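Chains A and B supply the protein sequences, listed in that same order.
With the working numbering applied, the first sequence corresponds to residues 231 to 436, in that order.
With the working numbering applied, the second sequence corresponds to residues 231 to 436, in that order.
Keep in mind that the hints were calculated from the coordinates and are not lab data.
Just so we're clear, the structure is a prediction, and the values are computed from it rather than from any experiment.
Glycine included, C-beta positions come from ideal geometry on N, C-alpha and C.
Mixed in with the good hints there might be a few duds.
Claimed, not checked - List of simulated lysine-lysine pairs, DSS-like, C-alpha gap at most 30 Å:
hint : chain 1 : residue 1 : chain 2 : residue 2
1    : A       : K298      : A       : K280
2    : B       : K351      : A       : K355
3    : A       : K351      : A       : K309
4    : B       : K354      : A       : K355
5    : B       : K355      : A       : K351
6    : A       : K351      : B       : K354
7    : A       : K290      : A       : K309
Claimed, not checked - Chain A residues, not near chain B, derived (Cβ > 12 Å throughout):
hint : residue
8    : K280
9    : E287
10   : L335
11   : N347
Unchecked claim - Some chain A residues judged to face chain B by a derived CB distance under 10 Å, without partners named:
hint : residue
12   : P245
13   : R253
14   : F299
15   : R305
16   : D323
17   : Y331
18   : F339
19   : L435
2 protein chains.
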Amino acid sequence: MKSKEIPDIIIGRLPLYLRALQRLEDRGAVVTSSQELGEWVGISAAQIRKDISQFGEFGKQGTGYNIKFLSEKLREILKVDRIWDVAIIGMGDIGHGVANYQGFLDRGFQVTLAFDNNPEKVGKKIGNLTIQDTSEMVAAIKAADVKIAMIAVPADYAQAVADELAKTDVHAILNYAPICINVPEGVRVQYIDPATHLQWMTYYLD
Amino acid sequence: MKSKEIPDIIIGRLPLYLRALQRLEDRGAVVTSSQELGEWVGISAAQIRKDISQFGEFGKQGTGYNIKFLSEKLREILKVDRIWDVAIIGMGDIGHGVANYQGFLDRGFQVTLAFDNNPEKVGKKIGNLTIQDTSEMVAAIKAADVKIAMIAVPADYAQAVADELAKTDVHAILNYAPICINVPEGVRVQYIDPATHLQWMTYYLD
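Could you build all of it, start to finish, from the sequences and the hints given here?
This is the structure we're talking about:
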């Protein structure tokens, strides 16, 4: 399926399509159209058809897309037809919020490791998770063969954590720390920083 | 300053520059270059110079940018040279995490209103905030003239909250609910959905 290189921007839209399809499915819908999907995700029907057709013929002109079938295909393409283990580093408010978030499992993820360097937090439980000391991070991530990590430490510590993660097989990092991190080639980083999103919008406020 | 229309994608990069400048300033740096800034934000020096030059002559060839001066200018442009009040709707784990987040204030934001429809949460305090009933939301937001809201309710309720917010003067919404929302023209929405970010990266994992 990766015989041709698909632009990263298209890959980035697939999770939005999948999210909308899952909601349509929850509502009991069986088929959908690129028009309807477009309304759900705020992307044009033509763009959606073009994006999806990169991966094969998943719909029929006139009859639209079978929701269950297209969802399955998108899950396969995005490799979330399985459950990925995720490690969280930094168990402050954000780390806690993410660890408790119930919405990950049906989207392909479960938090299985949690780390903090605060002795008062180490050993505490969050659901089934026990917070471990950050000094154990590299060994524990390697032992569990975890490939995805979320960094939720203060900005000053984020690069040091990223440097430690570089010793493991983690190849995808979701960084909640409000700072850009440098990672080895082949490791992907995505950022979540609400203040950045807000500042983008205040520009337009009166 | 808005005599010409600046592309939205450029506006979206300014908060990243500002964030890096604030960190450089925290470290005691006085001047920086587009090269150095580029290393901090992962954007080319040429792009940074081009972006910033859209707004005026804020640096000198050879001597670079005065960090304090450029920060102030970017704060003015992004209108975060003031503190914006923010309302949070939905005080689950995410709402709590965001309400407790200490990093907003020095970036232009403070959470001043919090709402939930769970009677057990209404009246509870989070720091100086008292959680109010969602039924009071429209009146309270109007009375306080709040223009920014964060939606942190479950996906099934997000559109209803957005519809209520349309009755207020809120023109910027940060939506943590994993669903696209429809808003009136003139209202901006940004999305934070960690699962979407993660699924974007799993495509590239082996």
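Here is how each hint holds up against the structure:
no.	hint	in the structure
1	A:K298 to A:K280	holds (20 Å)
2	B:K351 to A:K355	holds (23 Å)
3	A:K351 to A:K309	violated (33 Å)
4	B:K354 to A:K355	holds (24 Å)
5	B:K355 to A:K351	holds (23 Å)
6	A:K351 to B:K354	holds (25 Å)
7	A:K290 to A:K309	holds (24 Å)
8	K280	holds (18 Å)
9	E287	holds (20 Å)
10	L335	violated (10 Å)
11	N347	holds (18 Å)
12	P245	holds (4 Å)
13	R253	holds (6 Å)
14	F299	violated (18 Å)
15	R305	holds (9 Å)
16	D323	holds (4 Å)
17	Y331	holds (6 Å)
18	F339	holds (6 Å)
19	L435	holds (6 Å)
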